[in-house]
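Starting from the known structure of chain L, arrange chain W on it as the hints suggest.
So the chains spell out like this:
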Amino acid sequence: MIEARSFGVRYEGEPDQVLRDISFSLGPGERVLLLGPGGSGKSTLLASLIGLIPHSHEAELQGSLSVQGLATVHSSPGQLSRRVGMVFQDPDSQLTMLTVEEEIAFGLENLGIPPEEMDQRILDALHQVGLGRYRTSRVDRLSGGMKQRLVIGAILAMEPELLVLDEPTANLDPRAAREISHLLLDISRRRRELAILLVEHRLDEMAPLATRVLLLDSAGRLVLDLPAREAFGPRAGTLRRHQVWLPTGSAAALQAGIPPAFDAPPGQAAPEELEKLAASLNQDQPRRDCLLEWCQPADPTPGDPHPCGSETPGPVLSLENITLSYPRTPSPEPVLKNLSFSLAAGEICALAGPNGSGKSTLAATAMGLIAPQTGRVLLEGRDLANIPLRERSRQAGFVFQNPEHQFVTDSVFQEVAFTLRQQEFSDGEIRERTEVTLETLGLGHLAGRNPFSLSFGQKRRLSAASMMVAERKLLIFDEPTFGQDPAALEELLNLLDLLAARKTAVLIITHDMDLIWSRAHRVALLLDGAIALEGPPTEVFAREELLHRGGLIPPPRYHLHRALTRRSHRREPCPL
Amino acid sequence: MNHALFEYYQERSPLHHLNPAVKLISSLVVMIFTSLIFDPFTLAAITLFGLALTLGPGRVPPTLVLRGLIPFLLFGAGFFWMNALMPRVTSGAGTGEELLFSLGPLGFHRTGVINGVSFGIRSLGFGVYSLLFVATTNPTDFILSLVHQVRLPPRLAYSALAAYRYLPTLHSEITMIRNAHQVRGTREGSGPGGFFRKSYRFTIPLLVSGLRRAGRVADAMEARAFTGRNRSWYRQTRIGFRDLLYVVALASGVVLITLYSHHRGTLIFWGGQLWN
Chain L
29 MIEARSFGVR YEGEPDQVLR DISFSLGPGE RVLLLGPGGS GKSTLLASLI
79 GLIPHSHEAE LQGSLSVQGL ATVHSSPGQL SRRVGMVFQD PDSQLTMLTV
129 EEEIAFGLEN LGIPPEEMDQ RILDALHQVG LGRYRTSRVD RLSGGMKQRL
179 VIGAILAMEP ELLVLDEPTA NLDPRAAREI SHLLLDISRR RRELAILLVE
229 HRLDEMAPLA TRVLLLDSAG RLVLDLPARE AFGPRAGTLR RHQVWLPTGS
279 AAALQAGIPP AFDAPPGQAA PEELEKLAAS LNQDQPRRDC LLEWCQPADP
329 TPGDPHPCGS ETPGPVLSLE NITLSYPRTP SPEPVLKNLS FSLAAGEICA
379 LAGPNGSGKS TLAATAMGLI APQTGRVLLE GRDLANIPLR ERSRQAGFVF
429 QNPEHQFVTD SVFQEVAFTL RQQEFSDGEI RERTEVTLET LGLGHLAGRN
479 PFSLSFGQKR RLSAASMMVA ERKLLIFDEP TFGQDPAALE ELLNLLDLLA
529 ARKTAVLIIT HDMDLIWSRA HRVALLLDGA IALEGPPTEV FAREELLHRG
579 GLIPPPRYHL HRALTRRSHR REPCPL
Chain W
434 MNHALFEYYQ ERSPLHHLNP AVKLISSLVV MIFTSLIFDP FTLAAITLFG
484 LALTLGPGRV PPTLVLRGLI PFLLFGAGFF WMNALMPRVT SGAGTGEELL
534 FSLGPLGFHR TGVINGVSFG IRSLGFGVYS LLFVATTNPT DFILSLVHQV
584 RLPPRLAYSA LAAYRYLPTL HSEITMIRNA HQVRGTREGS GPGGFFRKSY
634 RFTIPLLVSG LRRAGRVADA MEARAFTGRN RSWYRQTRIG FRDLLYVVAL
684 ASGVVLITLY SHHRGTLIFW GGQLWN
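One line per chain: the protein sequences are L and W, in this order.
First residue of the first sequence: 29, per the working numbering; consecutive thereafter.
First residue of the second sequence: 434, per the working numbering; consecutive thereafter.
Rather than coming from a laboratory, the hints here were simulated on the basis of the structure.
Glycine is no exception: its CB is placed at the ideal position from the N, C-alpha and C atoms.
Errors might be hidden in some of the hints.
[Said to hold, decoys possible] Just some of the chain W residues that point at chain L, by a computed CB distance under 8 Å:
(1) 540
(2) 544
(3) 572
(4) 615
(5) 628
(6) 632
(7) 634
(8) 643
(9) 646
Here chain L stands alone, though its shape is the one from the complex (with noise of 0.2 Å):
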């Protein structure tokens, strides 16, 4: 199906390969995940199959890379497009028309289907992907996993041989990107000629689908090519130096020391595998305490205690009974009902919850960036409406999730700088504190660059370096784990240590359960503009139904550390 010898790839103006020497075949019925740390060329790879590249991105292409014996080099996106099928990350970018119907057909009028047969084939890729009832309906009105079971469906649609995705998932809520895997291997079951190769971060849910593995080095070099049940059981160990993400079973076990296996059939559930590593660790004390560690989740309590007696500080951020509607829409339905909320200092608190449920409203009324019909939000007891925009904007922060969106100057050094040059340091202090932080961060060779010509996950890392350079009162991210490899993530999450150690009051909207758990002090649950449900990770998790409602699944760890702990308290009730 797919035959690479010594493929590679170097684009126009660059000086080095994206990919080299790349050679591997791929046959019908496989279901290869491609791994691979940031920049090592999956993506190119990925487009090189349908033509993409060199037809519409202009590239040097060495060795041959060919799909069913169509050589990509002489045969256009058009020609490849009936054998391949790709989907792609953004779900927006990759719908064209207005409603599901039309979206579908599309790809057919592309084939020259004749009408009389779209009908039919319309009918099946939509009842395939689950959307039947969704016939008719506006493309704009569904949620993000529809619109990414749609652009799957629309693809079906076209009957390719292989199907290429990368990271379908990544827009997505737990939820909706648990669906998408049920989905693909639905497809495959369906469907057994048809080769699925697929980009992925969210290894907890793909993983299961995959036969094999192929892995990228950091220089486009193919370094790994074994079946799943190999790579993420005994080479794990490799995967883990590539700084790719591995499965949490695999990461655990090599955490604890003992050597991964995996062998999960598609489909089962994580924590069923995760109570089997739990159980082989119950004579093995020092290891079982060293993955109890590793899955631990944040103290519930931030900081130090209060002395008896002494006055507990107020919150640092609080709104009290805020509704909002925003003016001018069709629905008269306000975003937030009779909201309150309070932040303390310290305190990391996660807010996560479906699209549309009004987390980002709920941030931009904290930061004073839209105003609430009625109720009011203090910061540090202060009414936000009294306190003038320069000094709002000098006690709370918001890291925006396009980082671009916040680059006010024109180089990587200014954007930093820019920051402390608002609060009136000296020039030699901006010096040294800006080059102090883009160090921390990874950025410090960069200094000189233009914000807009980073990779994004370092935009996203200078964004919220111009945020955290100076200290804050209040620090709001939104979805700051996106697009992060572990390496920078582990930065990242450092850096939120730092800062409630630093008494930051820190809000992060996210769907990443994984940050969750680990990090966040308390999570809010949003539903409808109400907070559903909130407490720490540990409670809150536990009410899964009402999770599954808002989109979200409790990770991986959190059945780990659920499993080692209920272990520990029948085997010797509390040992501490």
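Frame of chain L, contents of chain W only:
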């Protein structure tokens, strides 16, 4: 969330089923025709005729019509004031003109007021006939009909559709950039310098994300075999009997109104006004 004042209203009315290209061209013809008429009575009658079509066979709710017409009302009011206060410019007559009434230092002359009223009503008429088209036309059908009836190349047509889909995103993106800059505490200062700096800061991220999105959309379309050639069409927009019927009805309505106005002696047809 949709902030558009002027948008497609999903319905299944007789006007919704017409061929979009036919509807667009006939609306344009009526608008050109009203540009040649200079008396308030005829213009008002033609405007009301269009309004009746939109509300009746078009089944567009009155509130939506009213919302869509707000900019045209403001526009019309502006035109009225301009013309009413400057009779000389518009009428070419001038001195010895009958003064209708005065408001402090402002004098309202007969020709000026008449011209002002007709300008105002004409702009409203433009609004009504544009709304008639926009509110009853599914954007996809419109694009399809441009391809099928007006022979627009599919590549251009689908780019237009992609751009149309991007508009709401653009709106929310601008809001987000404004918020993000406000959070960073930017101060551009007032005056042209500040305006320039602000525009610069807004343009770069918008341009970058716009280009990136355009690239992604193009990639995704190509990946779905879009070449613009050898396509089949799931739905074919055609010109049918009802389109003919509509054109005849619209034309006879407008002509009858004009003839009646002529009969009454109210019609002022173009006689070189605004020409020199």
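Indices of hints not satisfied (ascending)
Violated: hints 1, 2, 5, 6 and 8.
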